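The task is simple: from the sequences and hints, build the whole structure.
For reference, the chains in residue letters:
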Amino acid sequence: MAAITELKPEVANLSNDEILRYSRHLIMPEVGMEGQIKLKAAKVLCIGAGGLGSPLTLYLAAAGVGTLGMVDFDVVDYTNLQRQIIHSTADVGRKKLDSAEEKLKAINPFLAIRKFETRLSSENALEIFEDFDIIADGTDNFPTRYLVNDACVLTGKPNVYGSIFRFEGQASVFATEEGPCYRCLYPEPPPPGLVPSCAEGGVLGILPGLVGVIQATETIKLILRSGDPLIGRLLLIDALGMKFRELKLRKNPDCPVCGKHPTVTELIDYNEFCGIRGEEAPVEAGVPEIQVEDLKRRLDSGEDLFVLDVREPHEYQICNINGHLIPLGELPKRVHELDSSREIVAHCRSGVRSAKAVNFLRQAGFKKVHNLAGGILAWADRVDPSMPKY
Amino acid sequence: MPKIHIPTPLRQYAGKQPAVDVKAGTIGEALNGLVSQHPELRRHLYTEDGKLRAFVNVYLNDEDVRYLQKDATTVADSDNISIVPSIAGGR
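The listed protein sequences correspond, in order, to chains A and B. Following our numbering, the numbering of the first sequence begins with 1 at its first residue and continues without gaps. Following our numbering, the numbering of the second sequence begins with 1 at its first residue and continues without gaps.
Honestly, the hints are just simulated from the structure, not real lab data. Bear in mind the structure is a predicted one, so any value in this text is a computation, not a measurement. The beta-carbon is built from N, C-alpha and C at its ideal position, and this holds for glycine as well. Accuracy of the hints is not assured; some may be wrong.
[Claimed, not checked] Counterexamples of contact, computed for chain A against chain B with all Cβ distances above 12 Å:
no. : residue
1   : Thr-67
2   : Ala-106
3   : Lys-115
4   : Phe-116
5   : Glu-130
6   : Pro-327
7   : Ser-341
[To be verified] Using 30 Å as the maximum straight-line C-alpha spacing, the simulated BS3-like pairs for lysine-lysine come out as follows:
no. : chain 1 : residue 1 : chain 2 : residue 2
8   : A       : Lys-296   : A       : Lys-368
9   : A       : Lys-243   : B       : Lys-70
10  : A       : Lys-105   : A       : Lys-221
11  : A       : Lys-248   : B       : Lys-16
[Unchecked claim] Below, a sample of chain B positions facing chain A; criterion: calculated Cβ distance under 10 Å:
no. : residue
12  : Ala-54
13  : Glu-63
14  : Arg-91
Next up, the structure:
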């Protein structure tokens, strides 16, 4: 495992206030004075101050980790509050880093915080990682996850990994000297379009809590050098079944970054295909579009337009414009429900899925199909402000 | 029959089922059985030239089949096969 920073004299002791604060650690032999001083000397970098980053940094701060670095460039919005428990309603619109810093300092004034308000990239990752002992990956997209992993391998720092999707999570410790890295498990990121986009995905609010606390636990174990870290093991968390399963991971000798003959020797910026802020991928070019204002005007004037909603039934329940519901995935087998002689306007939440539907229908011989640009979100913004957005 | 566990992101292509029973003696037969029951899954599991995609791993119980005999790995009726794709969420 990567060397944890040598203890410097100024952090090699605890004040009386600190001793009182950490007394429940100090009286347990697995931590004790020695362990608590290791925690104080430790420098942990958390990538992302969101769902995973919230519980992770809150617990590390409370536990007495001396220095926490945080990388984030986002601001708090209302849709974050269902799971990002470090931020409160009053923080909406604030920088996540500022909001997080305030909460962490309130929990533990002895904590030193280093804020990196930037998007992690091949340009800055190695430099940012330099001053830290352990990297905790709480990002939300594949390009950054590969970047974090590769930078951890190249700098020799452990990557405490957690990721979530709906009600499933994964956790592991990658890139230690003896253990596998993320690329040993998954050599390449998925190509665009083969994984559900972030906005289609959704996440059960408590799940980042479960997974982020597992990451915090692993981070603390690495600092204390005690217990069995999740090195060479992938923990699968199923919150719905409340089942925890464990899979064996092996260091792959042919791994592109940590194998014997690495082909990845510098950092790569993969193209973003699942928006860093949870947006969907851009709409494909060449799809005929209609603007929400035009649709509204034409419907109001009684034109014969068939509105096709290609979202999922649970999305339809949130809000709809009385479209005929056929989820995108069911379109091929339900295409007979549509009349190709009528003019069709397809819509979804933001316009990405309906663009696929329009392409599909055109290939199936439909001549008069349009995509509603910006989807029902644009409708809520520009036609009917009383409509809820999600 | 061996059971194949389908991860959440791929369930939409497998009739929304969390697990599918398939009659099979090897991993290869099990996956073939799965994609013939649910043809939409094929594109998500395999590349156009028929190789398992780089962001999908297949486990027999807790072992990665890449380190067993891959498709030729034998499976028993009581075995659990898991498809484990990479997921990236975290915010």
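Which earlier hints can't be squared with this structure?
Of the numbered hints, just 6 does not hold.
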